[in-house]
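Engineer: Sequence:
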Amino acid sequence: MTEGYLCGMDRKVRVRFAPSPTGGLHLGGVRTVLFNYLFAKQSGGDFIVRIEDTDQNRFVEGAEQYIFDTLAWCGLQPDESPAHGGPYAPYRQSERKQNYRKYAEQLVKDGYAYYAFDTTEELEARRKQIPNFQYSHATRMQQQNSLSLDEATAKEKMNGPHVIRIKMPENETVQFTDMIRGEVSFHTSQVDDKVLLKADGMPTYHLAVVVDDYLMKISHAFRGEEWLPSAPVHILLWKWLGWENEMPEWAHLPLILKPDGNGKLSKRDGDRLGFPVFAMDWTDPKTGETTTGFRERGFLPEAFVNLLALLGWNDGTDTELFTLDELVKQFSMSRVHKGGAKFDYEKAKWFNHEWIRRLPASALRPAVSELLQHAGIQLADGNLLDKVIELVKDRCTLLPDFIQQAGFFFQSPAEIDTAAIKPKWDESKNLFFTELVRAYQLCGFWDAAELEKEFKELAAVNKLKPGELMLPLRIMLVGGKFGPGVFDIAGLIGKAETIRRMEHVLGLLV
RNA sequence: GCCCGGUUCGUCUAUCGGCUAGGACAGCCCCCUUUCACGGGGCAAAGACGGGUUCGAUUCCCGUACCGGGUACCA
Numbered sequence: 001m002t003e004g005y006l007c008g009m010d011r012k013v014r015v016r017f018a019p020s021p022t023g024g025l026h027l028g029g030v031r032t033v034l035f036n037y038l039f040a041k042q043s044g045g046d047f048i049v050r051i052e053d054t055d056q057n058r059f060v061e062g063a064e065q066y067i068f069d070t071l072a073w074c075g076l077q078p079d080e081s082p083a084h085g086g087p088y089a090p091y092r093q094s095e096r097k098q099n100y101r102k103y104a105e106q107l108v109k110d111g112y113a114y115y116a117f118d119t120t121e122e123l124e125a126r127r128k129q130i131p132n133f134q135y136s137h138a139t140r141m142q143q144q145n146s147l148s149l150d151e152a153t154a155k156e157k158m159n160g161p162h163v164i165r166i167k168m169p170e171n172e173t174v175q176f177t178d179m180i181r182g183e184v185s186f187h188t189s190q191v192d193d194k195v196l197l198k199a200d201g202m203p204t205y206h207l208a209v210v211v212d213d214y215l216m217k218i219s220h221a222f223r224g225e226e227w228l229p230s231a232p233v234h235i236l237l238w239k240w241l242g243w244e245n246e247m248p249e250w251a252h253l254p255l256i257l258k259p260d261g262n263g264k265l266s267k268r269d270g271d272r273l274g275f276p277v278f279a280m281d282w283t284d285p286k287t288g289e290t291t292t293g294f295r296e297r298g299f300l301p302e303a304f305v306n307l308l309a310l311l312g313w314n315d316g317t318d319t320e321l322f323t324l325d326e327l328v329k330q331f332s333m334s335r336v337h338k339g340g341a342k343f344d345y346e347k348a349k350w351f352n353h354e355w356i357r358r359l360p361a362s363a364l365r366p367a368v369s370e371l372l373q374h375a376g377i378q379l380a381d382g383n384l385l386d387k388v389i390e391l392v393k394d395r396c397t398l399l400p401d402f403i404q405q406a407g408f409f410f411q412s413p414a415e416i417d418t419a420a421i422k423p424k425w426d427e428s429k430n431l432f433f434t435e436l437v438r439a440y441q442l443c444g445f446w447d448a449a450e451l452e453k454e455f456k457e458l459a460a461v462n463k464l465k466p467g468e469l470m471l472p473l474r475i476m477l478v479g480g481k482f483g484p485g486v487f488d489i490a491g492l493i494g495k496a497e498t499i500r501r502m503e504h505v506l507g508l509l510v
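Here the first sequence is numbered in the working numbering, starting from 1 and rising by one per residue.
It is worth saying that the hints were derived from the structure and are not from the lab. Hints are not guaranteed to be accurate.
Stated by the list, open to error - 27 Å max Cα-Cα, derived DSS-like pairs, lysine-lysine:
1) K239 - K194
2) K157 - K109
3) K155 - K198
All values reported here derive from a predicted model rather than from experimental measurement.
My request is simple: use the sequences and hints to build the entire structure.
Structural biologist: Spelled out as structure tokens, the structure:
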């Protein structure tokens, strides 16, 4: 603990997010980014994105661009990355391929690793015949490698395909301090001889993270809890490569779990339960299948970031709403939870609702405007839009809700829910509304308060309860049982439009 | 199987030995509003289990149970 603290003290904070570009970025990934970002920014450090594309078989077209697009949407800009450049370029591991071999060879030379010649087929057969086969201290001498074979055979085999494996000690304890979990320790007897360098010359994740974290001077390494079991491999590598004093501090983040049952959240759960899992729409280039993202579902980036931050972290008070800047100030790794959190879509929507209410119309305008136009609604008056947004945003949980809540301000309702008023419709009401139309026509002024006053006076003259007349008026102007105060609506859509809508519905009711 | 991690209301969580266990989401009720919301008020709801340690354990230790992660030439 002390050791890590001391070595972190005189070092600039540099963190990295290291995704492999294999598909859409989901919740958990973005949260890992967020925690990295918050931690770096609060101490004036650097946030690096490094693409871990060491598995050529899993390369997916467009996945890398998608990652940068979602970071941009979230407002989490990297300081260094393949897209942003930086002093430690390249930031794509496939482009750093030539870096890794020498470290693996050095480990072999120092006796910490060895060459292995077993083919994939041989290993598969092994695993089939021995239930829990592990390539480890217990079995390595029965395998084809530079430790078990005589020198001549091994030398000859070196001409063919081979990998480099780490030689895990038979009986050692590897201990380290995790910023979230405290002291964690492993017995090396339980961990297998992981491949460090593959037959194609590419490093595996295990070698690549260590080498690149070292080369890129990473001070703190945050990743998901699923990496905890391989931590001893990485720690031993830091030690054996002679970089122990520069090893980053570790933090293994808790997982985000599926809302029902068990297990970590996957994109399938979203499909199954009807909520997004990816940050933005992701179209699989192979199947052409599109998975809906939070953005397209109508989430604000402010809300998305906010809800992610609160999944596994809190500031110790009852505050739940934070801007990114506030998060940067308040965030603390020591307050990150150890346990996994089930994702709750209802709560996620609540965050979005709160953010829609919080933001001024001007901030909402671009998104709402685009949404309305996509729905075929013409926005003649830009000034009106801001007023409408301000008036209806309390009723919108997701951005698309604005289509229903704001659409009728710009366009006469296509459908009129006459069924809602017909049962109680009678001649006295018909008369009232006919008179109201006339009264409004004569109106010299046009604002909500006056319209309401006029309405109530006329109701009183006709000995009708205003309450019974409000719903019909709403249906006339809105088309259905929703929207803000009726007179506010009338005030905003204007005299001509109000009268036109009233007359139109009056005609339907005859 | 083995290894590692985790375990407070249905869900996200507060509590760093003193608790009548607090907040939020969702649920239910009432008020406000004769739309729907917002808002206000209220109800209901939790420390997996068993042992220690202690004057005192949700909090510390040990077991058990349950959940999760890992166990690839994937990350």
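Engineer: Next, verify each hint and record whether it holds.
Structural biologist: Outcome of the hint check:
1. K239 - K194: Holds, at roughly 16 Å.
2. K157 - K109: Status holds; Cα separation ~17 Å.
3. K155 - K198: Cα-Cα ~18 Å, so holds.
Every hint from the earlier list agrees with this structure, and none is contradicted.
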